[in-house]
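**Q** With the hints as constraints, model all of the structure from the sequences given.
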Amino acid sequence: MTDTQLVRDSDRLLLEATMSRSRRVRNGMASVWMLGSVLVALVPLAVVIFYVVSKGLSVINGDWFTKDLPAITTKPGGGMGPAIVGTLLITAGAAVMAVPLGILGAIYLHEYGGPGRLASIVRTMADVMTGVPSIVMGLFVYSTWTLAFGLNGFGGSLALACLMLPIVIRSTEEMLKLVPDELRQASYALGNRKWRTIVTVVLPSAFGGIVSGVMLAIARAAGETAPLIFTIGAARKLNLDLFNGPMNALSLQIFKNASSSFPAATERAWGAALTLIAIVFILTVLARVVSARVARKHNA
Amino acid sequence: MPPASSVAERAPDPDVPVDASISLASTGGRRGDSIFRLVALAAGLLVLVVLAGIAFATTRQAWPAFSAEGIGFLTSSDWDPNNGKFGALAFIWGTLLSSAIALVIGVPISIGIALYTNEMAPRRLRRPVTYVIDLLAAIPSVVYGLWGVLVLAPNILPVYDSINSAVGDVPGLSWLFGGKASGRSFMTAGLILAIMIIPIVTSLSREVIATVPRSQREAAYGMGATRWEMIRSAVLPWSRGGIVGATMLGLGRAMGETIAVALVIGSNAQITTHLFSPGDSMAGVIANQWGESSGTYSAALIGLGVVLFAVTILVNVIARRVVRHFDERLKVA
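Respectively, the protein sequence lines represent chains U and R.
The opening position of the first sequence corresponds to residue 1 in our numbering, with each subsequent residue numbered one higher.
The opening position of the second sequence corresponds to residue 1001 in our numbering, with each subsequent residue numbered one higher.
Simulated from the structure, these hints should not be mistaken for lab results.
Note that beta-carbon positions come from the ideal geometry of N, C-alpha and C, so glycine has one too.
What the simulated footprint calls covered on chain R by chain U, stretch by stretch (three residues with Cβ under 8 Å from a Cβ of chain U suffice, anywhere in the stretch; the number is not a length):
hint	segment
1	1037-1045
2	1053-1066
3	1128-1134
4	1142-1150
5	1248-1258
6	1274-1287
7	1311-1317
If you anchor each label on the Cβ, the simulated ranges turn out as follows:
hint	chain 1	residue 1	chain 2	residue 2	range
8	R	Ser1077	U	Arg288	44 to 50 Å
9	R	Pro1213	U	Arg293	33 to 39 Å
10	U	Ala148	R	Lys1180	43 to 49 Å
**A** Put into C-alpha cells, the structure is as follows:
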C-alpha cells in the first residue's frame, strides 16, 4: 500500500489543479530524478552485458573449454580449460569449508546466542567482516598459508572461504528468524532434544532460503579476483590437485589479459569474462529456482 | 542415552524451554546437545578468530616496511621501491578521491532508485526493478574493470577533453577539471566504482525507506502535500540514519574495491585535485605491483593492505553505529 493507492486519480487531478506552479514543477523534477536514476543504472548493466556477450562469443569454440592456456599470449590460439576448471575447483573448495561453518555459526547466533552479549559481538563482527576488502583476505591467506605451503589452489579456496563465511552466516540467520517458534515448541513437546530439533525441524524448514543465500555467496566468490593474485599462482596447464602446485582462474585471466595491447589477449579476456558471467548467472538463477521451488512445496 | 530421562535430570538445562521439560520421552541425548552447542559456538567464534588473525598476520608481514618508514609510510608520497622508499600518501589520496567521486555520483542515483521502487513504481514493476538492480552486483568486478579499460576509458576521453577545454581555464573549476585529461583516471575509476556501489546502497536504502510507517505518509498527503513534499517531510527524515549508514557501507566497499580500479585508474601515483588525471589507489597498487615485488617491497604492499583493513573496519563500525544511533533517536521521538 503506498501513495499511488492512497490518493485516487480524481483526487490527484483536483489537487494538481489547485497547486501552485512551483510545487508542481518541483514534484515533477523529483519524479524525473527517481525514474531517471533507474534508467541511468540500467545503462551500464545493459552495455556491459552487450559487450561481454558480443565480444566474448567470437573466441569461444570447442578448444576454449578443453585446451591449455597458450604459451604466447600475444597470438590467437589455445584455450581456457585450466582457468575454467580452476575457478570451479577453487570455488567448490571454498564452499565446502565456508558453508557448513557459516550455517553452524548462524545456528549459534540465532538458536543459542540470541540477544546475548557474545552473540551480538559475533553478529556485529560478521557484519564488519562482510566489509573487509577481498584483497585483504588474500594478503591474510598469503601471510598464513602461502608463505608456508607455497602457491596452490587451496590457498585461493581459503581466501574465498573467508569472504563467504560472514555472508553465509548473516543470510542463514535471517532465514532461521523466519522459522516459527511453534515448530520448535512442537518438536520439544514430542521429546526432541534441542540439537535434534535444530537438525530435523528448524534447518529443513529454512532450507530453501539457506540454499539461495549460499548460492549467492558462492556466485560472489566465483567472480573474485583480488584474493587469488597472492595465493594460486598462474598455471598454464591443467592442475586438478587443489593442494599441489599453482592453478589458474578465469578472473585472473581477465585481469592479466585486460590491459594487454594485443587484440588476441583482449579477445581472450572477453571470452573469459563471458564464461565467468555465465557461471555466476547460472548459480544466481539456480538460487532463485531452488528457493522458489522449496517455497512452493512448503505452501502446498 | 536412555530414551526417557527424568524431569529432575533435565531441568537445569537452560537451553531447553520449560515446556519441553515436562515431556516424558526425549530423543537425541544430552551429550549430543552439549557437543552440538559447542560446535556451533566454535563456528560463531571463528569470525572473531579470522578478524584477529587478519590484523595480526598481515601486520607482522608488513612490519619490515612499517619499521623502516615509521610514520612516513602514511605521510610521505615518495614511493620509490628501487631505492627503498615507501611513502603511501599518494595511494591513500587516490583511494579517497576515487571513492568520493563514486559517492557523489552513486548515492543520489541509489536514493532515487530506492524512492522509485518504494514510492513511485506501480506494484507490478517493483520486483523486476529490484531484481535488475541486484543483477548489477552479480557482475564480477573484474568484468567491470575489463569493460572500463577497453570500452569506457577510450570512449569517454573526448568527453573529458571537451569539458577540460570548456571550463579547464575557469578559476575554481580548473581546480577540478584542469590538467591533461586521460582515459584512465580518477574520474573513470570513480564512475566504475559508482556503478559497483549502486546495488548495495540501493538495497539498504530501500529497506529503511520501506519501514516508514504508512501513517506518516498518509498524514503528509492529508495535509495536501505533493508526492515530493511527502517524501521530503515524511520519508527522508525518517530514513535519514539508514541512508547515511548505507552511504558509509558504500564508501567502505568503494575503498576496498581492487581489480576494477587497478585497471582503470591509470597507475600514476600523484596527489592532484584534477579529476581527469591518472592516479593510483591503495588496493590498485597492491594488485598491480605484487608480481614484481619482493622483500621490503612486498612488506610495504602488505602494509597498504593493513592500512586499508584498518580504514574499512573503522568505516564499517561507524556506519553500523550511525544506523543504530538514528534508529534509537527515532524510537524516542
